[in-house]
Amino acid sequence: MLTTAQLAILIKYQWDFRLFKKRASADEQALLQHLNWHDLAELLADLKRYHQNLVSVEYAKKIHADLLAVCADEQTAQTLLGYASTL
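In this note's numbering, the protein residues as written are 800 to 886.
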């Protein structure tokens with residue numbers, strides 16, 4: 800489950816796995832070692848489409864359910880949702 804601490808690291812490295820692997824500290828790498836970067840990137844892309852009003856109501860509900868399933872708590876979900884709105 801994604802936490803706000805993990806989300807902060809993803810944002811720090813701009814969701815770029817190669818940049819992360821090259822520059823991240825050992826602690827950062829340990830914190831993110833079990834995350835599925837691909838799935839999280841797909842969710843972020845869906846959230847961007849949501850904020851651009853490019854999805855149907857039904858798909859928006861799926862995105863919201865996926866968001867809640869991935870995030871450890873409501874604060875993380877809201878932070879990710881807000882972050883995606885800035886992209």
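Source of the hints: derived by calculation from the structure; they are not laboratory data.
The C-beta atom is built at its ideal place from N, Cα and C for all residues, glycine as well.
Don't take each hint at face value.
[What the hints assert, rightly or not] Once the Cα atoms are required to be at most 30 Å apart in a straight line, the calculated DSS-like pairs of lysine-lysine come out as:
1. K861 / K811
2. K861 / K821
3. K847 / K861
4. K847 / K811
[What the hints assert, rightly or not] Between beta-carbon pairs, the in silico distance windows are:
5. V854 / K821: 28 to 38 Å
6. A844 / R822: 19 to 29 Å
7. A825 / A864: 31 to 41 Å
8. D865 / T885: 14 to 24 Å
9. K860 / W814: 36 to 46 Å
10. V856 / Q828: 14 to 24 Å
Straight-line alpha-carbon gap K847 to K811, limit 30 Å: 18 Å, holds
Using the C-beta atoms of D865 and T885, is the stated range 14 to 24 Å upheld? Between D865 and T885, where Cβ atoms are some 20 Å apart, the hint holds.
Verify the proposed pairing of K847 with K861, using a straight-line Cα cut of 30 Å. 14 Å, holds
Regarding A844 and R822, is the given constraint of 19 to 29 Å on their beta-carbon distance met? 23 Å, holds
If you draw a straight line from the CA of K861 to the CA of K811, is it 30 Å or shorter? Holds, at about 27 Å.
A825 and A864, beta-carbon distance inside 31 to 41 Å? For A825 and A864 the Cβ distance comes to about 34 Å; the hint holds.
Between V854 and K821, does the beta-carbon spacing fit 28 to 38 Å? 34 Å, holds
Does 14 to 24 Å hold as the CB distance between V856 and Q828, or does it fail? 39 Å, violated
30 Å limit on alpha-carbon distance, applied to hinted pair K861 and K821: Violated, at about 34 Å.
Beta-carbon spacing of K860 to W814 - inside the hinted bounds 36 to 46 Å or not: 24 Å, violated
Violated hints, listed in ascending order, are 2, 9, 10; each of the other numbered hints is respected by the structure.
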